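Letter by letter, the chains look like this.
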Amino acid sequence: MKYVDEFREPKKADALFRAIEKLSQRLKKPIKIMEVCGGHTHSIFKYGIEEILPEAIELIHGPGCPVCVMPRGRLDDAISISLKQNVIFTTFGDAMRVPGSKTNLLQAKAQGADIRMVYSPLDSLQIAKDNPDKEVVFFALGFETTAPSTALTILQAASEKIQNFSMFSNHVLVIPALKALLDNPDLQLDGFIGPGHVSMVIGSDPYQFISQQYQKPIVVSGFEPLDIIQSIWMLLQQIVENRCEVENQYNRLVEKTGNQVAIATMNKVFENRESFEWRGLGEIPKSGLKIRAQYAQFDAELKFTLPNLQVADHKACLCGEILKGVLKPWQCKVFGTACTPETPIGTCMVSSEGACAAYYKYGSFFHMTKKMMLDKEKLRA
Amino acid sequence: MCLGIPGKIIEITDVKQKLAVVNVGGVKRQVNIACIVDEQHSVESCVGDWVLVHVGFAMNRINEKEAMETLQLLEELAEAVAMDSYIAIPNDS
Ligand code: SF4
Numbered sequence: 001m002k003y004v005d006e007f008r009e010p011k012k013a014d015a016l017f018r019a020i021e022k023l024s025q026r027l028k029k030p031i032k033i034m035e036v037c038g039g040h041t042h043s044i045f046k047y048g049i050e051e052i053l054p055e056a057i058e059l060i061h062g063p064g065c066p067v068c069v070m071p072r073g074r075l076d077d078a079i080s081i082s083l084k085q086n087v088i089f090t091t092f093g094d095a096m097r098v099p100g101s102k103t104n105l106l107q108a109k110a111q112g113a114d115i116r117m118v119y120s121p122l123d124s125l126q127i128a129k130d131n132p133d134k135e136v137v138f139f140a141l142g143f144e145t146t147a148p149s150t151a152l153t154i155l156q157a158a159s160e161k162i163q164n165f166s167m168f169s170n171h172v173l174v175i176p177a178l179k180a181l182l183d184n185p186d187l188q189l190d191g192f193i194g195p196g197h198v199s200m201v202i203g204s205d206p207y208q209f210i211s212q213q214y215q216k217p218i219v220v221s222g223f224e225p226l227d228i229i230q231s232i233w234m235l236l237q238q239i240v241e242n243r244c245e246v247e248n249q250y251n252r253l254v255e256k257t258g259n260q261v262a263i264a265t266m267n268k269v270f271e272n273r274e275s276f277e278w279r280g281l282g283e284i285p286k287s288g289l290k291i292r293a294q295y296a297q298f299d300a301e302l303k304f305t306l307p308n309l310q311v312a313d314h315k316a317c318l319c320g321e322i323l324k325g326v327l328k329p330w331q332c333k334v335f336g337t338a339c340t341p342e343t344p345i346g347t348c349m350v351s352s353e354g355a356c357a358a359y360y361k362y363g364s365f366f367h368m369t370k371k372m373m374l375d376k377e378k379l380r381a
Numbered sequence: 001m002c003l004g005i006p007g008k009i010i011e012i013t014d015v016k017q018k019l020a021v022v023n024v025g026g027v028k029r030q031v032n033i034a035c036i037v038d039e040q041h042s043v044e045s046c047v048g049d050w051v052l053v054h055v056g057f058a059m060n061r062i063n064e065k066e067a068m069e070t071l072q073l074l075e076e077l078a079e080a081v082a083m084d085s086y087i088a089i090p091n092d093s
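Each protein sequence line maps, in turn, to chains L and R.
Just so we're aligned: 350 in the working numbering is position 350 of the first sequence, and the numbers increase by one with no gaps anywhere.
Just so we're aligned: 34 in the working numbering is position 34 of the second sequence, and the numbers increase by one with no gaps anywhere.
Bound conformation, chain L alone (with noise of 0.2 Å):
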């Protein structure tokens, strides 16, 4: 397929890799790099980037995982709005596990919940449309890659006067989340891939606060192994040289000011929240989206009646110091046992752009033994 094949051609990752190596050992430290969103630690894994990266340079899976930052109170509003009388609910595959306080929408669904996974909001507002006497909700959830779709279809809907149909917005914002990662004193951070889609609705430009107030070089990156490996490489060399600055290797999908129509779309139709709970990551200003006074016949969260509660996290799980970058997945006593991809506990274990997950699918049990051992190593010295 064009622009995905010539992204992944051997030859030029071996290059890659080669040249990574060579750069590596000028490091006068061990490096920590985050990829912040969770299509790259999907492909990191699916291509086992990780094993091949020098010892010196250490992956941290980042927070952008739209269906792992979800947090229970929010999960268990969703089910609720789904299990009501004459509720049509539509959502994205990826959120069916994702637990909330006491069961997920694949069990409300099991109780007798009419619960529909659909590809796009479009097809949701199509099952309002085929159906006039249901009300139609869609699980409104992602990043600003999301965001821009789901305004299209309020609009469209609002253009049709369409009115059985509203949406659940769980959108999320990844500029106030890297803010909160940056100031937290447990983190420390060599540099960040950015994401790359997330990037081609903002644009790099963003991102320039990470270089110029915090420090710290940052490169947009594609999702392909060679977008990863190239974007590591040009990192590489950021942190080698001592600068930090935003850089782009995305340019084919990327520009410094975005996506103007996708950016005008999106605030026509949201605004921010004052604040929104992020799973394990708490509370951070001015990170979620709602639907506009303009808009409020399209909101599910007026429509109807929701319990909106606040609920902690799982005693077990360490999701939040996961997110974090913190911890690692195989440090969790439940990972792997109880936490599975089937009977997942965590978030993080729901989406295979989830840290959890990734390890437990794609993580080679030499390279966890590895770190492992590393670790213990550590701990007796």
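The reader is advised that the hints may include incorrect statements.
Claimed, not checked - Which chain R residues stay away from chain L? Per the calculated CB distances, all over 10 Å, these: (1) Ile10; (2) Glu11; (3) Ile12; (4) Thr13; (5) Val15; (6) Lys28; (7) Val37; (8) Ser42; (9) Val43; (10) Ser45; (11) Cys46; (12) Val47; (13) Gly48; (14) Asp49; (15) Glu66.
Said to hold, decoys possible - With a cut-off of at most 25 Å between alpha-carbon atoms, the simulated BS3-like pairs for lysine-lysine come out as follows: (16) R/Lys16 / L/Lys161; (17) R/Lys65 / L/Lys256; (18) R/Lys65 / L/Lys11.
It should be emphasised that the hints constitute simulated quantities derived from the structure, not laboratory data.
Everything numeric in this text was worked out from a predicted model, so none of it was measured.
The beta carbon of each residue, even a glycine, is placed where N, CA and C say it ideally should be.
Add chain R with the ligand to chain L, keeping to what the hints say.
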């Protein structure tokens, strides 16, 4: 969740609603192209464009020239590495 797939716009099906048929890896899909249309780029002129498709929407055009340049740079790196002439010493040190 943020993933997208490249595809080529082959036909406009609805100018007003900004809908097009996109060939995504051999599969034809109806896609909303509102995000890639503005005064400089009308709906009709989108045919032939390569775009990134995400949840049923074309989110941005793919820049062919930039893609070629990225690959070119990697090609040069591969040659330098093969000839063992890749020097990992920054210019300023
Ligand atoms: S293994 Fe499960 S319970 Fe433990 S941190 Fe990961 S998702 Fe949470």
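Going through the hints against the structure:
The beta carbon of R/Ile10 sits about 13 Å from the closest Cβ of chain L, which is more than 10 Å, so the claim that it is off the interface holds. Chain L leaves R/Glu11 outside its interface by the beta-carbon criterion, the shortest separation being 18 Å against a cut-off of 10 Å. The claim that R/Ile12 is not at the interface with chain L holds, since no C-beta of that chain comes within 10 Å of its own (minimum 17 Å). At the 10 Å boundary, the C-beta of R/Thr13 stays outside the reach of chain L, the nearest C-beta of that chain being 13 Å off.
Taking the minimum C-beta to C-beta distance to chain L, about 15 Å, the non-interface status of R/Val15 holds against the 10 Å cut. A cut-off of 10 Å between C-beta atoms confirms that R/Lys28 is not in contact with chain L; the least separation is 14 Å. Its beta-carbon lying about 7 Å from the closest one in chain L, R/Val37 breaks the requirement of being farther than 10 Å from that chain. Under the 10 Å C-beta cut-off, the non-interface status given to R/Ser42 relative to chain L holds; the minimum distance is some 13 Å.
Every beta carbon of chain L lies more than 10 Å from that of R/Val43, the smallest distance being close to 12 Å; the non-interface claim holds. The beta carbon of R/Ser45 sits about 15 Å from the closest Cβ of chain L, which is more than 10 Å, so the claim that it is off the interface holds. R/Cys46, annotated as away from the interface, keeps every beta carbon of chain L farther than 10 Å; the closest lies near 13 Å. Distance to chain L confirms R/Val47 as a non-interface residue, since its nearest Cβ pair spans about 16 Å, more than 10 Å.
Residue-level check passed: R/Gly48 sits 13 Å from the nearest beta carbon of chain L, beyond 10 Å. Residue placement check: R/Asp49 keeps its beta carbon more than 10 Å from all beta carbons of chain L (closest about 12 Å). Taking the minimum C-beta to C-beta distance to chain L, about 4 Å, the non-interface status of R/Glu66 is violated against the 10 Å cut. Taken as a hint, the R/Lys16 and L/Lys161 pair is honoured in the structure, with Cα atoms around 16 Å apart against an allowance of 25 Å.
At most 25 Å may separate the alpha-carbon atoms for a hinted pair to count; R/Lys65 and L/Lys256 meet this at roughly 16 Å. The hinted pair formed by R/Lys65 and L/Lys11 meets the criterion: a straight-line CA distance of about 22 Å does not exceed 25 Å.
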